[in-house]
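Quick note: the sequence shown uses the working numbering, first residue 1, plus one each step.
Incorrect hints may appear among the rest.
Cross-link-like lysine-lysine pairs, in silico, DSS-like; alpha carbons within 27 Å at most [what the hints assert, rightly or not]:
| # | residue 1 | residue 2 |
| --- | --- | --- |
| 1 | Lys337 | Lys357 |
| 2 | Lys106 | Lys273 |
| 3 | Lys221 | Lys337 |
| 4 | Lys348 | Lys359 |
| 5 | Lys357 | Lys391 |
| 6 | Lys337 | Lys348 |
| 7 | Lys357 | Lys221 |
| 8 | Lys337 | Lys391 |
| 9 | Lys333 | Lys221 |
| 10 | Lys348 | Lys221 |
| 11 | Lys359 | Lys391 |
| 12 | Lys357 | Lys333 |
| 13 | Lys333 | Lys359 |
| 14 | Lys273 | Lys162 |
Derived from the structure by calculation, the hints contain no laboratory data.
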Amino acid sequence: MLTRGQANIAQFILSLYSQTRIYLQIIINYLFILFPFVSALADPEAHLDTSKCVKSCEKLFCEQFTNCGIIVREGYRCEEHSVITEDGYILRLQRIPNDGHRSGKKLPVVLQHGLLQSASDWVLNSRNHSLGFILADAGFDVWLSNVRGNVYSRQHVSLHPKSQEFWAFTIDQMAIYDLPAIINFVLNETSAPSLHYAGHSQGTTIGFILFSERPTWSAAKHLTSLGENVSCFCTGCLPGQHKKRPEACRSVQLPMVEMVGGYEFMPSTRFMKWLGGKLCTGRTAFLCQNALFLFVGCDFLNFNMTRLPVYMAHTPSGTSVSNIMHFSQMIQKGEFKKFDYGSHENTKIYNQPESPKYKVGNMLVPVVLYWGGNDVFTVESDITRLSGELKSTLSIHYYHDSDHVDFVWGTNMADGAYRRMLEVISNY
Numbered sequence: 001m002l003t004r005g006q007a008n009i010a011q012f013i014l015s016l017y018s019q020t021r022i023y024l025q026i027i028i029n030y031l032f033i034l035f036p037f038v039s040a041l042a043d044p045e046a047h048l049d050t051s052k053c054v055k056s057c058e059k060l061f062c063e064q065f066t067n068c069g070i071i072v073r074e075g076y077r078c079e080e081h082s083v084i085t086e087d088g089y090i091l092r093l094q095r096i097p098n099d100g101h102r103s104g105k106k107l108p109v110v111l112q113h114g115l116l117q118s119a120s121d122w123v124l125n126s127r128n129h130s131l132g133f134i135l136a137d138a139g140f141d142v143w144l145s146n147v148r149g150n151v152y153s154r155q156h157v158s159l160h161p162k163s164q165e166f167w168a169f170t171i172d173q174m175a176i177y178d179l180p181a182i183i184n185f186v187l188n189e190t191s192a193p194s195l196h197y198a199g200h201s202q203g204t205t206i207g208f209i210l211f212s213e214r215p216t217w218s219a220a221k222h223l224t225s226l227g228e229n230v231s232c233f234c235t236g237c238l239p240g241q242h243k244k245r246p247e248a249c250r251s252v253q254l255p256m257v258e259m260v261g262g263y264e265f266m267p268s269t270r271f272m273k274w275l276g277g278k279l280c281t282g283r284t285a286f287l288c289q290n291a292l293f294l295f296v297g298c299d300f301l302n303f304n305m306t307r308l309p310v311y312m313a314h315t316p317s318g319t320s321v322s323n324i325m326h327f328s329q330m331i332q333k334g335e336f337k338k339f340d341y342g343s344h345e346n347t348k349i350y351n352q353p354e355s356p357k358y359k360v361g362n363m364l365v366p367v368v369l370y371w372g373g374n375d376v377f378t379v380e381s382d383i384t385r386l387s388g389e390l391k392s393t394l395s396i397h398y399y400h401d402s403d404h405v406d407f408v409w410g411t412n413m414a415d416g417a418y419r420r421m422l423e424v425i426s427n428y
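Could you put together the complete structure from these sequences and hints?
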């Protein structure tokens, strides 16, 4: 039995250990938030130039840190394509082509990543749990799309990524310029009569914007939208409406964005990839788990924790500060609207002092919705309101034990949402 003195010492050691863990976690959280900016500012070449990996680099580096490297390592063929938007942004797409030896040839599927992510999300798990590989094995022509500003799409025909003008965009421009360019390119390249579009988080948002702003164009392309994680309305983050995880609602607030400064938000850097690969293993893995929780409220129930270093080496992938501000505006106002420039600029741009709402009821594209009960960014009221406004909802699928990132990283999706998605697009 411990003496009183020994018990006090043991209690002191435990208390010191707990406090050290807390302070260390705070430091790591700030590292994940601030180091992408600091390392990028300190080293002009700190950004990961993935374009160089297509032709020449160390094999191991490419296999770990580029989409095509990951895809080829899993035994698939990979193509990389560049698409130039109407306003001059150069977007890079990765394709897993159907070579005819897998289940016959089917329509192309465009997979669109979420906020601060890249097309890597669709191939980071094993081939049996990654949607990109599952679709390829089922005979679909898979296109992994990257919108402006992420690690794969930091180029422009005339603007330099260090310039303010390069980063003057939000989801508005992604939807109106990026998606039409991508969809037209895929249809022209494949000669397919139509395609399926699957978006996660922001990917769903920009799809809904395009399909509601240009309904006739979208319908003429015979598109099918498979929306994963319907978080575009952000009503779940309005004060008093959503008590599940209020910390997630505070994580994308305007004061924090303004504090960051600059034009690029959380870019992908070599240091962050190194940090993710080294820090997220062994005894320090909990630090990365909690840092990830800070951003997405992940409960890790359906996570393959051995893949955590891989996930963190590809996250974040960058966007513009303006884009984060746009999401913050929607969260604070609880409305799905265009970017608010202020009443004076709004009047010049929109011919009205308030930024206009997006009218999803205009959409003519057939929609299938998937959402999770543990998603901190989506609540039932979002889905109820959305389904009431949409005119062409084919079906809604609910997964009670799934959170926001499960729909791209979760091990439960292969037998859940992915299987249901295959059934829908195979029969539509």
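Checked hints:
1. Among the hinted pairs, Lys337 with Lys357 is consistent with the structure: their alpha-carbon atoms are about 4 Å apart, no more than 27 Å.
2. Distance restraint check for Lys106 and Lys273: the Cα-Cα separation of roughly 36 Å exceeds the 27 Å cut-off, and the hinted pair is therefore not satisfied.
3. At roughly 25 Å between alpha-carbon atoms, Lys221 and Lys337 fall within 27 Å of each other, so this suggested pair holds.
4. Of the supplied pair hints, the one linking Lys348 and Lys359 holds, its CA atoms being roughly 21 Å apart against a limit of 27 Å.
5. Distance restraint check for Lys357 and Lys391: the Cα-Cα separation of roughly 17 Å lies within the 27 Å cut-off, and the hinted pair is therefore satisfied.
6. Among the hinted pairs, Lys337 with Lys348 is consistent with the structure: their alpha-carbon atoms are about 17 Å apart, no more than 27 Å.
7. A C-alpha spacing of about 24 Å is found between Lys357 and Lys221, which places the hinted pair at or below 27 Å, so the restraint holds.
8. Between Lys337 and Lys391 the alpha-carbon distance is near 19 Å, which keeps this suggested pair within the 27 Å criterion.
9. Distance hint between Lys333 and Lys221 is unfulfilled; the C-alpha atoms sit about 33 Å from each other, more than 27 Å.
10. For the given pair, Lys348 sits about 32 Å from Lys221 by alpha-carbon distance, which is inconsistent with the 27 Å threshold.
11. Taking the CA atoms of Lys359 and Lys391, the gap is about 11 Å. The hint holds against a cut of 27 Å.
12. A hinted pair counts as satisfied when its Cα atoms are at most 27 Å apart, and Lys357 with Lys333 qualifies at roughly 11 Å.
13. For the given pair, Lys333 sits about 16 Å from Lys359 by alpha-carbon distance, which is consistent with the 27 Å threshold.
14. Restraint check: the Cα-Cα separation between Lys273 and Lys162 comes to about 21 Å, which is no more than 27 Å; the hinted pair holds.
Taken one by one, the earlier hints fail for this structure at numbers 2, 9 and 10, listed in ascending order.
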